[in-house]
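There are 2 protein chains.
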Amino acid sequence: MPDTVPPSGSYPVSERNKVRRLHERGRYDRESVHAILDAAMLCHIAYVIDGQPYCTPTAFWREDDHLYWHGSSASRMLRSQKGGVAVCLTVTHLDSLVLARCGFNHSVDYRSAMCFGTARIVEDAAEKARALDVMINRFYPDRAATLRQSTTQELKATTVIGMRIEEASGKIRSKGVADEEEDYALPIYAARFPVRQVIGAAEPCPRMPAGVPYPEGLAGFTDGRRLDEIMLEAQHRLYGED
Amino acid sequence: MPDTVPPSGSYPVSERNKVRRLHERGRYDRESVHAILDAAMLCHIAYVIDGQPYCTPTAFWREDDHLYWHGSSASRMLRSQKGGVAVCLTVTHLDSLVLARCGFNHSVDYRSAMCFGTARIVEDAAEKARALDVMINRFYPDRAATLRQSTTQELKATTVIGMRIEEASGKIRSKGVADEEEDYALPIYAARFPVRQVIGAAEPCPRMPAGVPYPEGLAGFTDGRRLDEIMLEAQHRLYGED
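First to last, the sequence lines map onto chains A and B. Note that the working numbering has the first sequence beginning at 250, numbered continuously upward. Note that the working numbering has the second sequence beginning at 250, numbered continuously upward.
Read the hints as simulated data drawn from the structure, not as lab findings. Fair warning: there could be bad hints in the mix.
[To be verified] Restricting the straight-line Cα-Cα distance to at most 16 Å, the calculated cross-link-like pairs of lysine to aspartate or glutamate (EDC-like) are:
no., chain 1, residue 1, chain 2, residue 2
1, A, K424, B, D373
2, B, K377, B, E312
3, B, K424, A, E452
Treat the numbers as computed from the prediction; the structure is a model and nothing was measured.
Full structure from sequences and hints, please.
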C-alpha cells in the first residue's frame, strides 16, 4: 500500500517505487512517466520463477494505466498462476554520454521509467484479437486493417499479457557535464556526446508485387529520424495526447 | 547444475538459461554472448527484494567471465546479504523493425544476451579503485589517467558490484521480413527499417580553459557513428579480442 498520498495525476509513492539514489531525478506524475513509456517500443521486464529473477526484453504498449506485451518467457509461468505474477517493467532511453573531469562525475543523460504491477494473460479471445490489432497500429499507424487477417492458429499461438500500473516512477538526467566547482579550471577535456536511436531508409521486401504503394501511415518513418519521436507520434495518433 | 554438457567455449545450458521461445535463435558460445555484451554500455538488471522483482538500467562492463556495474538500487540489499544475491543481467540491441504481411510475422531484428549469476559488492579498496579506472577506460580509451584523481570520499560513495557469469544465453534475429510462402503475392507493403543508436558531435564543456586538446583516445567518437561499434572497439582496445 502507498505510504504517501500522491498529488492528483501522480502514481502513488511507496517503498517499492520511491527513487532512492539521486532522488532529485525522480518523477511520479503520469505525464512524465507516460512520456517516457510512449517514446519506446522495447522494454525490459523483470519477473521471478522459484526465487530466480529473469530480465526479458520485449515490445510493449500502453493504454491508459495498462501496459501490454506478448509472448514472453513469463507466459509459461503465468499459465500456472491464475492470480497473476508480480513484474517490474522498465524503459530506458539513453540521451548522452557525459565525460566529466573526474571519474565520479562521469554519467549519462537518460530517461527511464519503472512500472510495477501484476501481469495476467489476456484470456478473452475478442479482447486478445483487439489488443493485437492495437499493437500493430500503436507502432505503425493505420496498418492493422491493411494486413492479411490473423488465422485462428496464429491467434492461438500468441499470448498477450497485460498489467495495470499499480505504481511507477520516472527518472530523468539531462544536465550534461556537471563537475565540482574547483575542477572546472583543470586542463581536462570534458564534453557531452548526444546519443540518439534512429531508423534508416525503408528496405522494401524484394518479393512484393509491383505497384504496392508506400503506406500513408508510415509517412513519419523517414531516413535518420529518431525512433523515440516516431513512437511518441504513433501513440498520440492512436490515443491522443493522453 | 547444468543438465547439458556444453561444447568447449560455451556457457553451460540449464533450465535457467535455455532459450525456449524460438529456440533456433539461441546462442550459448562465449564468442556470441560476449560480442553482444561488449557492444553495449547499458544493461538492465533484474533482482528480487522480498519476492518483488525490480528491473534497473545501469552501465556495466565485462572482464573475462565477470560483469561489473556500480551503484544500483540493489546495493542496499546487497549490504545485508553477504552471500550475494541472484541477478539476471540483460543486454538488448534493436537492429530493425520488421513489417510483414500479417500481424503474426511482424517482428524486430535484435541481439540480446541474458547472464545469470550472483552479485556481490567489491569490498577490497584496491580492487574497487582499479575497477573504477577500468570502467572509465573501457568506455573511453586511455581516459582514466587524464582525470582528476578520485577522493577518498568519492570512492566511499561509490559501490562497485560484480558477478561471475554462471550461465548465459544470447538470442539473435537478423532475417528481416519472413512471411508465409502463400502471403508473398498479396498486395501488402512489407519492409525492414534498420535501427541504429548513434552518437552526435561532441559538445565540449563551455567552461574548459582554452587550449585543452581533444583526446586521442576519443578519436573513434565521431559524429553519426554507431555506439555499438564504438563500445566494441573500446573493449577490444583494452582487453584484446577476447
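Here is what the structure says about each hint:
A hinted pair counts as satisfied when its Cα atoms are at most 16 Å apart, and K424(A) with D373(B) does not qualify at roughly 32 Å. Among the hinted pairs, K377(B) with E312(B) is consistent with the structure: their alpha-carbon atoms are about 14 Å apart, no more than 16 Å. Restraint check for K424(B) and E452(A): satisfied, since their Cα atoms lie roughly 12 Å apart, inside the 16 Å limit.
The structure fails hint 1 only (numbered hints given earlier).
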